[in-house]
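Visitor: Spelled out, the chains give:
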Amino acid sequence: MINNLQLPPWALWAMVLALIVFIAMVVISVRRNHGIKRSLFASPYILWMFIFTLLPCVLIAYYAFTDVNGHFTLDNFSSFWDSNYIMRENLRSVAGDEMAATVARGSVNVDTLVYSLWMALLCTVVSLILGYPAALFMADRKMKLGPTLVVLFIIPMWMNFLLRTIAWMSLLEDNGLINAFLERIGVGKVQLMYNQQAVLLGMVYNFLPFMVFPIYTSLSKMDPKLAEAAQDLGCNDMLTLLKVTMPLSLPGVISGITMVFMPSVTTFFIPRVLGGGNTRMFGDLIESTFKTAGNWNLGSALSLIMMVLILISLSILRKADPNGEGGGIV
Amino acid sequence: MMEKEHLIDLKHISKEYDGVTVLDDISLYIRKKEFVTLLGPSGCGKTTTLRIIGGFETPTSGEVLFEGKDIVSLPPYKRRVNTVFQKYALFPHLNVYDNIAFGLKLKKMSKAEIQKRVDYMLDLVNLAGYGKRRVDALSGGQQQRVAIARSLVNEPEVLLLDEPLGALDLKLRKDMQLELKSMQQRLGITFLYVTHDQEEALTMSDTIVVMRDGHILQIGDPKHIYDEPANAFVADFIGESNILRGEMIHDELVSFAGREFPCVDFGFGEHVPVDVVIRPEDIMLVGEDVGQLVGTVQSVLFKGVHYEMMIDCGTFTFKVHSTTMEPQGSKVGLNVVPFNIHIMKPMKEAGK
Numbered sequence: 001m002i003n004n005l006q007l008p009p010w011a012l013w014a015m016v017l018a019l020i021v022f023i024a025m026v027v028i029s030v031r032r033n034h035g036i037k038r039s040l041f042a043s044p045y046i047l048w049m050f051i052f053t054l055l056p057c058v059l060i061a062y063y064a065f066t067d068v069n070g071h072f073t074l075d076n077f078s079s080f081w082d083s084n085y086i087m088r089e090n091l092r093s094v095a096g097d098e099m100a101a102t103v104a105r106g107s108v109n110v111d112t113l114v115y116s117l118w119m120a121l122l123c124t125v126v127s128l129i130l131g132y133p134a135a136l137f138m139a140d141r142k143m144k145l146g147p148t149l150v151v152l153f154i155i156p157m158w159m160n161f162l163l164r165t166i167a168w169m170s171l172l173e174d175n176g177l178i179n180a181f182l183e184r185i186g187v188g189k190v191q192l193m194y195n196q197q198a199v200l201l202g203m204v205y206n207f208l209p210f211m212v213f214p215i216y217t218s219l220s221k222m223d224p225k226l227a228e229a230a231q232d233l234g235c236n237d238m239l240t241l242l243k244v245t246m247p248l249s250l251p252g253v254i255s256g257i258t259m260v261f262m263p264s265v266t267t268f269f270i271p272r273v274l275g276g277g278n279t280r281m282f283g284d285l286i287e288s289t290f291k292t293a294g295n296w297n298l299g300s301a302l303s304l305i306m307m308v309l310i311l312i313s314l315s316i317l318r319k320a321d322p323n324g325e326g327g328g329i330v
Numbered sequence: 001m002m003e004k005e006h007l008i009d010l011k012h013i014s015k016e017y018d019g020v021t022v023l024d025d026i027s028l029y030i031r032k033k034e035f036v037t038l039l040g041p042s043g044c045g046k047t048t049t050l051r052i053i054g055g056f057e058t059p060t061s062g063e064v065l066f067e068g069k070d071i072v073s074l075p076p077y078k079r080r081v082n083t084v085f086q087k088y089a090l091f092p093h094l095n096v097y098d099n100i101a102f103g104l105k106l107k108k109m110s111k112a113e114i115q116k117r118v119d120y121m122l123d124l125v126n127l128a129g130y131g132k133r134r135v136d137a138l139s140g141g142q143q144q145r146v147a148i149a150r151s152l153v154n155e156p157e158v159l160l161l162d163e164p165l166g167a168l169d170l171k172l173r174k175d176m177q178l179e180l181k182s183m184q185q186r187l188g189i190t191f192l193y194v195t196h197d198q199e200e201a202l203t204m205s206d207t208i209v210v211m212r213d214g215h216i217l218q219i220g221d222p223k224h225i226y227d228e229p230a231n232a233f234v235a236d237f238i239g240e241s242n243i244l245r246g247e248m249i250h251d252e253l254v255s256f257a258g259r260e261f262p263c264v265d266f267g268f269g270e271h272v273p274v275d276v277v278i279r280p281e282d283i284m285l286v287g288e289d290v291g292q293l294v295g296t297v298q299s300v301l302f303k304g305v306h307y308e309m310m311i312d313c314g315t316f317t318f319k320v321h322s323t324t325m326e327p328q329g330s331k332v333g334l335n336v337v338p339f340n341i342h343i344m345k346p347m348k349e350a351g352k
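So the sequences go chain by chain: R and V. Numbered by the numbering used here, the letters in the first sequence go through residues 1 to 330 in order. Numbered by the numbering used here, the letters in the second sequence go through residues 1 to 352 in order.
Bear in mind the hints are in silico, worked out from the structure with no lab data behind them. Wrong hints could be hidden among the right ones.
Unchecked claim - Using 25 Å as the maximum straight-line C-alpha spacing, the simulated DMTMM-like pairs for lysine to aspartate or glutamate come out as follows:
hint, chain 1, residue 1, chain 2, residue 2
1, R, Lys225, V, Glu163
2, V, Lys105, R, Asp223
3, V, Lys105, R, Asp237
4, R, Lys243, V, Glu155
Claimed, not checked - Which bits of chain R does chain V cover? Going by a derived footprint, with three or more residues having C-beta under 8 Å, they are:
hint, segment
5, 232–243
6, 278–287
Claimed, not checked - Here are a few chain V residues that sit away from chain R, every Cβ distance over 10 Å (derived from the structure):
hint, residue
7, Asp18
8, Gly54
9, Thr83
10, Leu90
11, His93
12, Arg134
13, Glu163
14, Glu199
15, Leu253
16, Gly291
Keep in mind it's a predicted model, so treat the numbers as computed, not measured. Even glycine gets a Cβ: it sits at the ideal position worked out from N, Cα and C.
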């Protein structure tokens, strides 16, 4: 949906300028080195990064701190804390302070954020509880089934994320497979969709591989002699797991948490399809603020808040795994 | 030092992996306070033997007795042995102190007692003051000492060492050999040591077990193994050797390199093929006219203490170690005293 808001003119100029600088640099590089240097092959990527990553980030910051007319304002952030802020301010200018005071504080945005964080946390915890034993099983050299399990975990990932979520619909809906089965065995229909559990199920299902694989990688990189040494020094299987295997797989766990938690907070498709609009998450809110409400400024402010939160949690996780051994996105 | 009593008895141990035999009917015993070395080329089954005693492998058949009781089904953490692994296997998430204290903490020992014992161990392996260091910040030799301390602190009945010095440079290795040996004697702990380095085995061991292809070829003390190798393989593996095909004429007379030599061996029968082994340092260089054999010096290498010369006697080229040098191309006589000619059954039979 195209809305009335236009890109600021400088955004276009920035793109043109980037293109000119890019071409000039390529020409200079070719001239100076009398030919093409290997590093030149990276330049299209740098241009791509500038136009599609860096510039949009700058634009988000720009919109977040401006109003519809392009003037600097912090109203968007006030609207985040209090979703009735604009309404109250408008009322104040028309009917005075007294009337404005009757407009209660709106907490939709903050509540949605808190709810999203809560759901993402639940999803991460459930993924970890399900994923760690799976990774342990897959990485166990004595298990002949391990490699098969790895493939079984990968296969669903080849299918589109949206399709996988929609597939859950046909399982969970009132006339879906599960309810058909329940009816057949005499239990009767059960409301499975459009609630928090369905959303959580969809999220865990989609993000579980992102938990399993980093842990699996760090476990399979582990020297099996370390577990033997633990046994040698008096650990039974349980103690070996607790005292050696788990601490050593921590980088993988951290990487897994990052890769599940981050996309969980911002997911909007799963709550929409499986939650049926009953449960709204922050990604959902950002999307509808942009598209349905057409408010790019508030949408950008919400996105910026999200980004800052992600950066903060990334730096916290990075502290716990300073070497980035988990190899994830940190 | 060592006592008569058997601490560990391996009885008819065999081990197969997917139909491939790695150990074939191995039997040996280890006495209390003994320093036993399993010696052999890689793939001979020495590490597998060690792992069976440590509890990391289960033999396909056979018994492992510890003080007379079968321990085959006992998991590693219930065995009174500790292992020093080949690449040390130190826990990277723990510092030096916590690595060494690992086993003690599991035994629910008091903090003060743990502190006392770990400090004693750090002293013993010359790492006092290193407790707080990260293990990956240590040199190879230091890591090795931590690995030894981590095992010894548990006061095992037997310490199993799997090529513990393999990753160290020559000088450090020699120092550690002596240190390990003196540590073993001071603490009175039984050591079972695995190595492919014959010199290391000769330096440290009370008893050497020479292995090849899953078989034990010879068991004996270092001197016995060096002086009386059971077959040409052992002779070649333990030190350098000249190995020739020969024929036993009758008792105390053997023929090789085109002539007959008096020797001290007997009981082989008459006119039977044998392997003859002569150590390079046992060949004496004499004048051309008085030598049992005459040959031409083909090459001379300076080896520090001695010269190594290859001397061509027509039918065979002898390797000779001598402190005096004969120039390349010169003719020399070779003499061997009867005592230094070792006669053994040809390899094929001896391997059985």
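Visitor: Each hint: holds or not?
Guide: Each hint tested on the structure:
no.	hint	result
1	R/Lys225 - V/Glu163	holds, 14 Å
2	V/Lys105 - R/Asp223	holds, 22 Å
3	V/Lys105 - R/Asp237	holds, 16 Å
4	R/Lys243 - V/Glu155	holds, 21 Å
5	232–243	holds (count 7)
6	278–287	violated (count 0)
7	Asp18	holds, 12 Å
8	Gly54	violated, 6 Å
9	Thr83	violated, 5 Å
10	Leu90	violated, 8 Å
11	His93	violated, 5 Å
12	Arg134	holds, 12 Å
13	Glu163	holds, 13 Å
14	Glu199	holds, 26 Å
15	Leu253	holds, 55 Å
16	Gly291	holds, 55 Å
Going down the numbered hints, you'll see the structure goes against 6, 8, 9, 10 and 11, while the others check out.
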